[in-house]
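Chemist: Here's the letter readout for the chains.
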Amino acid sequence: MTIRFEPEDNPHPFFEQMELLCGDDFYKCYQCGSCASSCPMTEHMEASPRKIMHLVRFGLGEKLAQLNTFWVCATCLCCQVNCPRGIDVARVMEALRTRTLRQKKDYLEPSRQRIAPVSEYPQIALVGAFRKLAC
Amino acid sequence: MKKTVSYYPGCALKTGAKGLESSALASMKQLGVTLEEIPDWNCCGVVHSLCEDDLIHHVAPVRNLIRARQQGSDTLVTICAMCYNTLARANLMMRTNPEKRDKLNRFMQEEPDYHGEVEVNHLLTFLAREVGQEKIQSKVKVPLSDLSISPYYGCMLTRPREIAIESRRKFSLLTDLLQSLGATVKYFPAADRCCSSYQSVNDPRIAEEATEFILKTATNVGVEALAVCCPLCEFNLKYQQKVLLKRGRLHTPVPIYYFSHVVAVSFGLNPDLNLFEMDDAAIDLLTRKGFKKDTKIVKKGDEAS
Ligand code: SF4
Ligand code: SF4
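Top line first, the protein sequences correspond to chains A and B.
The first sequence begins at 0 in numbering that gives the first Met the number 0 and counts up one residue at a time.
The second sequence begins at 0 in numbering that gives the first Met the number 0 and counts up one residue at a time.
Just chain B, with the same shape it has in the complex (with noise of 0.2 Å):
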């Protein structure tokens, strides 16, 4: 099975966050699936507008989807979870609402009419609708037995209902990849709980008290890491993780992954494709594992050799 499909990267995934990128698409390659990137795009804008009349916020993300089209595409795939909701929430928008549609379509004059044909897709969805667990499971060869790790969605991936990537709770897409590997999952509960978003530049205490919530959970039915789709959640509970150990108000480190680096270590991909972001305390536990000696892994900040 050979296929392209267009991709949306978004800002994140080009800076703080390449390692997501590069193992998902390294990872991607592996299955015979080429994402592709969409030509000339620009920032999803991050947040989906609530306001009525605030339109204008919303000419950023759908003329990412007019670049799509323009590709050719009938399906989007992104991989950041905030990418997701607002590309995935304008696409409703402009299928739903005539009046908003035609008034955008009119203001963004030299751009095609667009009326919510691009199907968006986040990368989880794309995997277990097009390429299936079969598959993955025939690319393993580093099966992540031993190791117990969790889904967390956060918000952008599971709210609002219209555009969530599957029906609340369950969390069976990313749940069914990481069993795929061979990992044992169990499930956890705050896994679409808030890590704070953008309050973490706000209030420190607002940050340190909701992913306080989160990685006491994890502790507390023994999870011993969790895997993560959003840039955002990954730098919070990261962060954050860091202060609550120094603070003794957490006792035991819970390892953050982007759900793509656990694919690529299980794949056993080179880390010259990879250079593979983690932080002490993610590659510690791989050691210990046992995973890491058909894989090099490269610290943050390191160069790759």
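Bound-form chain A, shown alone (with noise of 0.2 Å):
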């Protein structure tokens, strides 16, 4: 999928929230697409963790905040690990998500429908869901 994205009035306010929540590293990005290619969820993203990289690098906070990656990001840290660049891309999706759920909007809802009754699930796999997904 092609993005098109305009530049956004001053990045700063992002940069700097973006090192506070999960450190400077991003910068370091060479846009080699390893992250993309060992992600198993990319063809659930809107856009992959290499395009993520590269908007976060230009601060497009407003952009990010439309796109569904980081919600169906599992934390797998295939990204973290296979980076030739040591750069944790699961941190920074994190970052990403938690810059939402700070504004108390949640991602999951409780009511959503889901695959299987609650009582069904283990309690690891909502717990779990509830802290990545929702505030």
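To be clear, the hints were calculated from the coordinates, so they are not data collected in a lab.
Please note: incorrect hints may appear among the correct ones.
[Said to hold, decoys possible] Listing some non-contacts, in silico: residues in chain B with all C-beta distances to chain A over 12 Å:
| hint | residue |
| --- | --- |
| 1 | E116 |
| 2 | S147 |
| 3 | L249 |
| 4 | I282 |
| 5 | D283 |
[As the list claims (entries may be wrong)] Covered stretches of chain B (chain A as the covering partner; in silico rule of three or more C-beta atoms under 8 Å from a C-beta of chain A):
| hint | segment |
| --- | --- |
| 6 | 2-14 |
| 7 | 39-53 |
| 8 | 102-109 |
| 9 | 156-169 |
| 10 | 200-210 |
Every residue gets a Cβ at the ideal spot worked out from N, C-alpha and C, and that includes glycine.
Two chains, two frames, some hints: make the complex.
Modeler: Next comes the structure, spelled out in structure tokens:
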């Protein structure tokens, strides 16, 4: 999918917030795409992890907030172990989730339809999901 | 050899995944090892918090590590892969990040200070290091010859590298264990592929596709069954498998066992001690292979007799 974007006003508050949440490693990304090629969830993502890293480096916070990538990330850490620049991409995904969650906006609504009745899930599925995808 | 070691069970092993705990405890008893539950433990938090300023979520795992220390242990054993990951990562943080460690220690005023003194081990590591193949082989009553079963590690035992139970894409700890029990173990290339983890709560399509890849890889390479270490992997692989079979997207069932189930079956353990919770496909395979005769296996939901 081609993503077109316009420069946004002053990216510095975004950079500051991201550095606070996940450090400044994301500036090191050289767009090799190893993260995207190792990510098992790319086909469900509106932008691959590589594209996300690109947008982060451009400071496009508003554009990023509209994408689903970090909400379908399963924190499997394939990207993290495969990045030749040593960037913890999963941590960048967590920072992007956190930006929304800290505005008291949930992604996962408890009432939303799921594959199994709540009682059938192991607690670790529910605790994990609500910790990552809700505030 | 008699050994006692501190043990953290976690929430899943006390509820939906009781069979993982009971079969592991009973098998360890056979091997002369007592897993002593740490007192007053709490949920490990399931997932490790990655944000730099999110310290509050580390309190839960660190508190458990302090409980183990108070029990006088230098090793804490876990069976659930998610607990292992969360505890091991929190422990590593307490060892290597003085700033966060001091902040957490100050915050948990009523607890003794903790600096990462305890070693967190997954049961597979403990078995290989402290028990050994020879001892395990000596307890095998029902060799699992004829059974082709492969390890499925998932993400939590293999990533990140700093806490991985072994180097990347080897899967030798569980391979060796299964081989000690007489099983045929083929290399399973999708052994560390993500099962979709907590995403199965969010979106069924994600879970379906993730598990389809894993199960199809298994049938393609001729693996009859998978041995897993995590209640969430087990749930995703089993629940989605039913859906995939029904929709014709998977043609042969791939029974999923907890690794400890397989150990207990081959040790010929008494089902009164072990409520083996297995589904029909898993019981079928054992019956077809003739392993059931020495072990009474109870179906999930049935009462132990
Ligand atoms: S693998 Fe690392 S360097 Fe390569 S695109 Fe992804 S984040 Fe950037
Ligand atoms: S952690 Fe998320 S972004 Fe990284 S490979 Fe796994 S699913 Fe993809």
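Chemist: Give a verdict on every hint.
Modeler: Here is how each hint holds up against the structure:
| no. | hint | in the structure |
| --- | --- | --- |
| 1 | E116 | holds, 26 Å |
| 2 | S147 | holds, 25 Å |
| 3 | L249 | holds, 16 Å |
| 4 | I282 | holds, 19 Å |
| 5 | D283 | holds, 22 Å |
| 6 | 2-14 | holds (count 4) |
| 7 | 39-53 | holds (count 10) |
| 8 | 102-109 | violated (count 0) |
| 9 | 156-169 | holds (count 4) |
| 10 | 200-210 | holds (count 9) |
Hint 8 from the list above is the single one not met by this structure.
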